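Colleague: Sequence:
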Amino acid sequence: MLFFTACWQLAAQDEPKQITNTFLLQNATIIPSPGKMIEKGSVLIKDGVIQAVGPNVTAPFDAKVIKADSMYIYAGFISGASHVGIEKKKEENSGRRERAKNPGNPTYEKAGIQPDRMAREVLKADDVSISAMRGVGFTAAHAVPEGKMLPGKGAIVLLAGDNANQMILMENTALFAQLVGASGVAPATIIGVMSKMRDLYRQAAQSKSHGAQFASNPQGLMRPTSDPVLEAFYPVIEGKQKVFMKAQNGRDISRALQLQEDLGYQLALVDVEKGWNYLDQLKAHTIFLSLDLPKAKEEKKKDDEEEMSEGKKELEARRAEEQKRYEMQAKTFADAGVTYGFSTLEVKPKEVKAHLKRMMENGLTTDQALAALTTQAAQLLGVNKIMGSVEKGKMANLVITDAPYFEDDSDIRYVIVDGEVFEYEAKKKKKKKASGEAGEEKADIAGTWSYEMNVPGQELEGNFRFEVSEDEVKVFMSSPTGDDGEEMEIDDAELNGDVLTFSTSVDQGGTTLNLDFELNFDGESYEGNMSVGQFGTFDVEGSRTKKPE
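Start counting at 1 in the sequence shown, then tack on 4, and there's your number in the working numbering.
Worth flagging that the hints you see were computed from the coordinates, not collected in a lab.
If you're wondering where the values come from, they're calculated on a predicted model, not measured in any experiment.
Heads up, none of these hints are tricks.
Heads up, simulated DSBU-like pairs for lysine-lysine below, C-alpha to C-alpha not over 35 Å straight-line:
1. 114 / 128
2. 92 / 389
3. 244 / 352
4. 361 / 40
5. 352 / 278
6. 278 / 317
7. 244 / 212
8. 478 / 278
9. 299 / 128
10. 335 / 278
11. 244 / 92
12. 287 / 396
13. 357 / 44
14. 352 / 328
15. 316 / 354
16. 316 / 446
17. 68 / 396
18. 446 / 278
19. 114 / 212
20. 92 / 478
Please model the entire structure based on the sequences and the hints provided.
Modeller: Take a look at the structure:
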């Protein structure tokens with residue numbers, strides 16, 4: 005398609021290479037850590053390390069000066085548990101599966117038991133998730149493999165670099181576990197997973213003890229055999245490594261706590277969504293709350309409420325109360341004195357800021373939110389000596405915005421990862437709605453619409469086709485000058501009032517381009533923009549050419 009070709013030409017343009025490793029971010033408002041501020045300050049960076057922070061920093065002769073007037077500098081955000089950069093597990097064929105020969109005693113791989121697998125083995129430097137997470141302010145993450153019960157070992161990774169060697173900061177950082185059964189083989193149930201976890205842990209403890217005895221005095225002892233799965237538990241048994249257990253709801257939290265009590269290892273609970281009933285027990289462990297939230301419910305009109313039965317009203321009230329507690333979870337933990345960070349296993353990058361805003365609307369303060377993203381996350385992951393704050397001697401992982409980050413209209417202008425600078429164009433501001441009320445009527449966008457967009461070197465023309473149902477919007481994108489009229493389908497679209505947003509990515513010659521669209525509709529026409537990551541933001545406009553039949 006012409007559209008893909010143009011995007012590839014955009015990516016293939018000579019990118020501005022860093023001709024110096026010394027930078028001075030000049031005359032900005034610096035937030036060194038939550039609750040602290042330096043006005044009209046500068047940050048000097050050399051070889052990926054912060055050399056100076058303050059109001060009177062001068063630029064060396066070889067420094068590139070970045071004018072950051074009226075901008076805000078924060079420490080880069082850190083995710084406590086994430087699948088960022090991790091190769092997605094391939095789905096099994098939809099056809100008839102081959103029946104396991106011994107489903108009660110399958111291979112470790114079939115059972116989802118791979119604790120010896122390192123994140124490095126499945127880390128892809130060109131994965132689209134890396135640039136997407138970096139684009140919302142994350143500069144580092146505790147990356148864990150995907151899978152079932154025991155997917156593997158985590159690694160602290162930087163969200164920049166051409167390969168795993170450049171990205172990995174710390175390897176073999178934690179044993180990642182989930183209460184997720186295997187498909188068609190044991191352990192298939194949560195109870196089975198818990199039983200298998202106990203069995204493996206105790207086998208590993210015996211294996212480790214036997215190995216130590218043999219090393220000390222092998223006479224008369226059977227030679228120990230090597231088992232990488234059992235050996236992966238050794239650092240956990242020695243207390244040198246935590247088990248990072250994904251436990252979202254109350255049931256999983258309770259069972260994760262029970263397993264820890266039975267076996268005695270150090271526990272980190274990650275992607276916690278409903279932990280408010282377990283505050284007292286959770287204080288003793290490392291906690292990373294989920295940055296995902298359920299979809300915000302639209303306020304019902306008074307007439308609709310009056311037509312509801314009493315039972316329906318009571319059910320809706322309980323649901324609203326549950327969602328409110330969910331949105332207040334971060335504040336509840338903060339008020340209880342629990343130190344926590346955030347994990348991003350389930351949240352979509354484009355929803356991060358909106359979800360943080362909803363938490364703040366429910367009482368979470370700016371400093372509490374920022375601490376969970378930076379200083380507390382660094383402390384809990386054991387990397388606070390090198391990241392998490394804007395200080396001399398720390399790694400140059402920074403986020404620079406054109407207004408305070410948590411304000412609605414703020415845009416990220418630069419993200420710096422280990423001294424590598426990524427520049428972003430300011431997004432076109434959304435048109436303000438006339439009413440500004442929740443539950444505003446959505447624009448009628450169903451049908452086929454033309455688009456015209458300008459990218460360097462040419463103008464692109466083509467069509468969007470929007471299919472709208474009560475629950476979702478599907479976007480189909482095509483070009484009339486394409487080779488075969490092929491349409492690209494985009495499911496990840498959201499319509500709020502008159503504003504449609506959707507994202508996709510295209511792979512061209514080994515380079516992944518992330519495309520983020522924001523279209524503002526006004527009757528039979530629209531205008532908006534397409535953001536192509538660090539390559540810039542480009543205007544888009546068009547009009548409806550055909551309504552659905």
